[in-house]
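Could you put together the complete structure from these sequences and hints?
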Amino acid sequence: MGSVTEKKVNDLASGKLSASENIEYYLARITKNEEKVKALIDVFADDARAKAKEIDARRKKGEKVGKLAGLAIAIKNNICIKGKRATCASKMLENYYAPYSATVIERIEAADGIIIASCNMDEFACGSDTTKSAFYPTHNPHDLDRVPGGSSGGSAAAVAAGFADLALGSDTGGSVRCPASFCGVVGMKPTYGTVSRYGLIDMGMSLDQIGPFSPDAFGARLLLSAIMGPDGKDEMCTLEPKFEEMTGKIEGIKLGFPKEFFDNADPKVSAAVKTGITKLERAGAETVEVRLPLLKHSVPVYYLQMCAEFSSAMQKYDGLRYGFPSEANRTLVDSVSEARSNSFGKEIKRRVLLGTYITMKEHRDAWYTKTLKARKLVRDELDSAFEKCDLLVGPTMPCLPWKIGERSMNPVEMYLADILTCSANLAGVPAASGPCGKIDNMPVGLQMHAKRGEDGLLTNALAALEGWRPASSGILMF
Amino acid sequence: MAEEKIDLTRVAEIARLKLSDEEKAVISKDLEGILGQFAQINAIEGLDKVEENDYVIDGANALREDVISECKNPDDITKLFTRKEGKFLVAPKSLD
Chain A
1403 MGSVTEKKVN DLASGKLSAS ENIEYYLARI TKNEEKVKAL IDVFADDARA
1453 KAKEIDARRK KGEKVGKLAG LAIAIKNNIC IKGKRATCAS KMLENYYAPY
1503 SATVIERIEA ADGIIIASCN MDEFACGSDT TKSAFYPTHN PHDLDRVPGG
1553 SSGGSAAAVA AGFADLALGS DTGGSVRCPA SFCGVVGMKP TYGTVSRYGL
1603 IDMGMSLDQI GPFSPDAFGA RLLLSAIMGP DGKDEMCTLE PKFEEMTGKI
1653 EGIKLGFPKE FFDNADPKVS AAVKTGITKL ERAGAETVEV RLPLLKHSVP
1703 VYYLQMCAEF SSAMQKYDGL RYGFPSEANR TLVDSVSEAR SNSFGKEIKR
1753 RVLLGTYITM KEHRDAWYTK TLKARKLVRD ELDSAFEKCD LLVGPTMPCL
1803 PWKIGERSMN PVEMYLADIL TCSANLAGVP AASGPCGKID NMPVGLQMHA
1853 KRGEDGLLTN ALAALEGWRP ASSGILMF
Chain B
6 MAEEKIDLTR VAEIARLKLS DEEKAVISKD LEGILGQFAQ INAIEGLDKV
56 EENDYVIDGA NALREDVISE CKNPDDITKL FTRKEGKFLV APKSLD
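Chains A and B supply the protein sequences, listed in that same order.
Be aware that the first sequence starts at 1403, since it is given in the numbering used here, and climbs by one per residue.
Be aware that the second sequence starts at 6, since it is given in the numbering used here, and climbs by one per residue.
Since the hints were made in silico from the structure, they are not lab data.
Where hints are given, some of them may not hold.
Taking CB as the label site, the calculated pair distances span [claimed, not checked]:
1. A/A1430 with B/E50: 57 to 65 Å
2. A/T1677 with B/T14: 49 to 57 Å
3. B/K98 with A/K1635: 34 to 42 Å
4. B/G91 with A/E1437: 37 to 45 Å
5. B/D81 with A/K1840: 43 to 51 Å
6. B/Q45 with A/G1485: 43 to 51 Å
7. B/G91 with A/M1762: 33 to 41 Å
8. B/T83 with A/N1744: 19 to 27 Å
Ideal placement from N, C-alpha and C gives every residue a C-beta, glycine not left out.
Listed below in structure tokens is the structure:
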């Protein structure tokens, strides 16, 4: 059984569908449904049409085209596209036009992908439900009263709502995997250091990774293969992940089954995920029990680490180079302080203040130093688990998508939504979410973690979860 | 760890945020609640025996050749300045 994206790629390659037809299809869907979903910030209709026309002309002449040729791709609005707004869904950057493109954008364009729109997100990626955007909340296409997850909720919703073939998001503590789970699409956070962060407006630089959204494993793998690889402009992007041929076969693969993942999830969600794991066992994988006792500490370790880095990342927004200058310009400090306060949302201020507090000289040892040590223990625990298994499996999210506005303003309650996802960022391992069923018509995601560098195995296991097999007449582009 | 009382005045000054008294009260309470719960990391066994880990992956940072090049698009950058004179960003004075 092939996949939606594979069929689209084959139809484009064979000429059954033109790039222009593909783009017009998505622009029509955006016109019809975006007002209800609010997944997008800017739509690049003219640019997308021009690029599609150019690709069709080259194909007609028999020229070679890239592996993403004709596919419509939506981009989270914290990834810079030259000449387009990069707002991070914040008032601070509402009128910021990127003077350069991120490496991932250059690689998509070099592969002839067509960037169709920028996507809504939680402000500066601070959130798990895309209701913290300074502009408007995004709605889950499966139930418009519910959240799509976050912070890359716009990107996930864009794929789920049929506004684009594929999308990019960024994942610092689960911000690709959470909305993938809630929107019923595939979302992946690659191994840290395999996808360039140059041009990604950072949240936590030791945690951030850009990752793909797709209706299926084939599409996620295709987009990832186009954007990954060492980049001299990102000093940490030095790794090439292992990317063996995708077969959809996982005989003999050991699935680590930590009870802690399930202890922290709603019983109905756990039951749906266990059904997905049974499917993987029927495909030839074996389950082994592993333990992750430090999981209960992962949220504090993650948030303390992230806030420390986030407060540093936010220092550059001063109302002078970025944002709006304040009127009170008696001194530089007054002017900057007021501009920042006027342009940042409440969650931004909270995280900046938390990160500043724990890194102050008098508090550093009590908080930040301990966080760094705890992070090493979390990383070591995951590495030990991987001595017994090839993949760790469990629910992506501990619950189903909540109603927009339902989650209380208790910050720790919000942060606990990341309990199953943030360890992967702390350890730098790849992790992905694939749909494994529905409860009350809402999608449930099954999450898999792999060892550092085993991104290919991860996409192969996602394909097995779908029951994917190479299409008999498929043109594998990678 | 004893319950932390947080005076945001100094923290906000370092963070370059101007907060109203109401905001200070609300956010102080939030941070005290957050750190109260996050203090659980002190209970992690073996914490005192571990080195700090700043690095997610092993290996050294990638270096590139130190080659002089020109900025190709200075206008794209300066046109974003909120206040400017020519190619210069206008900022308030930093000293009284």
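Each hint tested on the structure:
{"no.": "1", "hint": "A/A1430 with B/E50: 57 to 65 Å", "verdict": "holds (58 Å)"}
{"no.": "2", "hint": "A/T1677 with B/T14: 49 to 57 Å", "verdict": "holds (54 Å)"}
{"no.": "3", "hint": "B/K98 with A/K1635: 34 to 42 Å", "verdict": "holds (35 Å)"}
{"no.": "4", "hint": "B/G91 with A/E1437: 37 to 45 Å", "verdict": "holds (43 Å)"}
{"no.": "5", "hint": "B/D81 with A/K1840: 43 to 51 Å", "verdict": "holds (46 Å)"}
{"no.": "6", "hint": "B/Q45 with A/G1485: 43 to 51 Å", "verdict": "holds (47 Å)"}
{"no.": "7", "hint": "B/G91 with A/M1762: 33 to 41 Å", "verdict": "holds (39 Å)"}
{"no.": "8", "hint": "B/T83 with A/N1744: 19 to 27 Å", "verdict": "holds (23 Å)"}
Of the hints listed earlier, there is not a single one the structure fails to meet.
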